[in-house]
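Enquirer: Protein chains in written order, with the working numbering: chain A, 1 to 94; chain F, 1 to 438.
Quick caveat, the hints were computed from the structure, so don't treat them as lab data. Just so it is clear, the structure is predicted and the values come from calculations on it, not from any experiment. For every residue, glycine included, the Cβ atom is placed at its ideal position computed from N, Cα and C. Be a bit skeptical, because a hint or two may be false.
Derived contacts from chain F toward chain A, CB cut-off under 7 Å, selection only [as the list claims (entries may be wrong)]:
1) 86
2) 89
3) 235
4) 238
5) 270
6) 272
7) 283
8) 284
Computed, partial: chain F to chain A, Cβ under 10 Å [said to hold, decoys possible]:
9) 240
10) 287
11) 375
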Amino acid sequence: MVNESDFTIQFCRSLVVRSTPSPSKFKTGSDYTVVTLGDLDLIGPKYVGFYVTGIKSGIAPYHIDNSDILTKRTTTISDAALSIYENAFLEGQR
Amino acid sequence: MKRRRYSLAIAMLFISALTFAQSNVKLVRADPVRRLPATILVTYTGTPPSDTTIYTGATSWSIWHNSVGGPLIVSNVDLHRIDFSTPQIISIRLDDPSLTEKDMLSSVWTVQFNQAGQPATVLASTPKSDTKCDGTPGKLAFLCPPADGAPPDISISGTFIAGGGTKPIYTFQLIGGLYAQNPVDWLWKFSPGVSVAVNINQNLSPPNNRTTFDPDSIIAAFSLQKLVNIKRGNRLGLIGLEFDESLPGGEFSRSDPSSNIIFASTMTYVFKPIRGEKHSRYYGTVFPIMGIEAGKNLNKPQMIAKTPVDLSHYDAILRGYAGADVTFGIMSNDKTANTPATDAFTITGSYRVRLPAFDEPFVETMHQVTTVTETTKARNWFEGDINYAPWSFKYLTLTAKYQYGELPPLFNLVDHAFTLGITFQAVQSNKQSPLTPP
Numbered sequence: 001m002v003n004e005s006d007f008t009i010q011f012c013r014s015l016v017v018r019s020t021p022s023p024s025k026f027k028t029g030s031d032y033t034v035v036t037l038g039d040l041d042l043i044g045p046k047y048v049g050f051y052v053t054g055i056k057s058g059i060a061p062y063h064i065d066n067s068d069i070l071t072k073r074t075t076t077i078s079d080a081a082l083s084i085y086e087n088a089f090l091e092g093q094r
Numbered sequence: 001m002k003r004r005r006y007s008l009a010i011a012m013l014f015i016s017a018l019t020f021a022q023s024n025v026k027l028v029r030a031d032p033v034r035r036l037p038a039t040i041l042v043t044y045t046g047t048p049p050s051d052t053t054i055y056t057g058a059t060s061w062s063i064w065h066n067s068v069g070g071p072l073i074v075s076n077v078d079l080h081r082i083d084f085s086t087p088q089i090i091s092i093r094l095d096d097p098s099l100t101e102k103d104m105l106s107s108v109w110t111v112q113f114n115q116a117g118q119p120a121t122v123l124a125s126t127p128k129s130d131t132k133c134d135g136t137p138g139k140l141a142f143l144c145p146p147a148d149g150a151p152p153d154i155s156i157s158g159t160f161i162a163g164g165g166t167k168p169i170y171t172f173q174l175i176g177g178l179y180a181q182n183p184v185d186w187l188w189k190f191s192p193g194v195s196v197a198v199n200i201n202q203n204l205s206p207p208n209n210r211t212t213f214d215p216d217s218i219i220a221a222f223s224l225q226k227l228v229n230i231k232r233g234n235r236l237g238l239i240g241l242e243f244d245e246s247l248p249g250g251e252f253s254r255s256d257p258s259s260n261i262i263f264a265s266t267m268t269y270v271f272k273p274i275r276g277e278k279h280s281r282y283y284g285t286v287f288p289i290m291g292i293e294a295g296k297n298l299n300k301p302q303m304i305a306k307t308p309v310d311l312s313h314y315d316a317i318l319r320g321y322a323g324a325d326v327t328f329g330i331m332s333n334d335k336t337a338n339t340p341a342t343d344a345f346t347i348t349g350s351y352r353v354r355l356p357a358f359d360e361p362f363v364e365t366m367h368q369v370t371t372v373t374e375t376t377k378a379r380n381w382f383e384g385d386i387n388y389a390p391w392s393f394k395y396l397t398l399t400a401k402y403q404y405g406e407l408p409p410l411f412n413l414v415d416h417a418f419t420l421g422i423t424f425q426a427v428q429s430n431k432q433s434p435l436t437p438p
């Protein structure tokens, strides 16, 4: 469970990397605005399912609509995290 | 003296670098955070600014929003809450308690950055509710073109053979699965959905004088699906397990009326893709699957392919179920932002074996002679596909398909069927996870 003060863009970036099939391909010092989801092996619908599940459970108690989670291979880690941070909401706020 | 000269040169270089760093910041996007307190995130490229005073002045930012057809409403910036702590992001808190979640979600937000002596930078957001599949403004369709290769959520492929002495023979295959986007608590966090697999006219040996469509195998079921992530970095490269529970569903054959009611439970092991660093466009995936099918025969035909049969002992059904899906793919080179990077070329192989515990019919037609036996012998099914997707096609791929084996309920042998055709495929735009064919 993540609390409000910990729910930052940096947290979302870290969660995005952790939820891809190969987080180890994101080396220390890699640029979040350059490395894409495809670079971390998010390259098929099967993987997208697990990625989305990982994101949704990682941001609890926040919620997010599936369509707000970017999953294209060409999406950068930074944009994917931004989309999660921007679109997450708490139950009862919508 | 010499040392001082070097120090001066280094200091000059440092100052130049700072000046450059300051000047290469380029604001590229503004997005509202869709929850309160009201916040706008401005994305920039370039080196994070070392001196942030130009971004925190009283007149640095002008921010306003408007809904469709509504008036422009200006919001004040909380100058004490402009945050640079995340590289490439400037977070701007708005000092406007009247703003609601709806304003953040559905308004168009315009952000203007004012810098003395420079033209203003103006950035406008796109309301999320008005974004199409490709991210451009418009209405989001329920189905989108698959962005990430096979298998899609819905796939319809059709082919036909035409030749002397035979009427055109059409074959169709429909595979689809649509699931609710959120797991349901009272269903043990499974996502409910429906899955279907239909094969029509798979026995397509000419000559053929019929023009009707004969579904050889229809499998349809309400399904429950659950994805369990496994901590990355394990030795096996396993990233998760997919559990699919098909609630009592039907297996039907229309050509020789037969139907079963079946409950199926499967588990798929999802390993991370095999992909080299050097040739990263090439990849391979392997998904082993195992499970069990249990149920009951509902309807026994008296005749199969004009051959009298006695299926009086055909009742309870219990089968072991195993197999694997293997894919080799080559990604397209197209990496433009608004066009999904699809697979230019894929070879997929899907193998399933059903191991009946009780006798089940097995229909084999060789040299136009049909034999029906009741046995527990293994029922194999193999399907291989070669797909080529020119990236501009989006929903369509050119497909060469090979099928061999037997599918329930009557396990008619499909004997080395090759087809060429076009496949329509799409993904559910709000899905939780893709289909696993039953």
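Enquirer: Run every hint past the structure and note whether it holds.
Expert: Status of each hint after checking the structure:
{"no.": "1", "hint": "86", "verdict": "4 Å, holds"}
{"no.": "2", "hint": "89", "verdict": "6 Å, holds"}
{"no.": "3", "hint": "235", "verdict": "13 Å, violated"}
{"no.": "4", "hint": "238", "verdict": "10 Å, violated"}
{"no.": "5", "hint": "270", "verdict": "6 Å, holds"}
{"no.": "6", "hint": "272", "verdict": "4 Å, holds"}
{"no.": "7", "hint": "283", "verdict": "6 Å, holds"}
{"no.": "8", "hint": "284", "verdict": "11 Å, violated"}
{"no.": "9", "hint": "240", "verdict": "4 Å, holds"}
{"no.": "10", "hint": "287", "verdict": "6 Å, holds"}
{"no.": "11", "hint": "375", "verdict": "34 Å, violated"}
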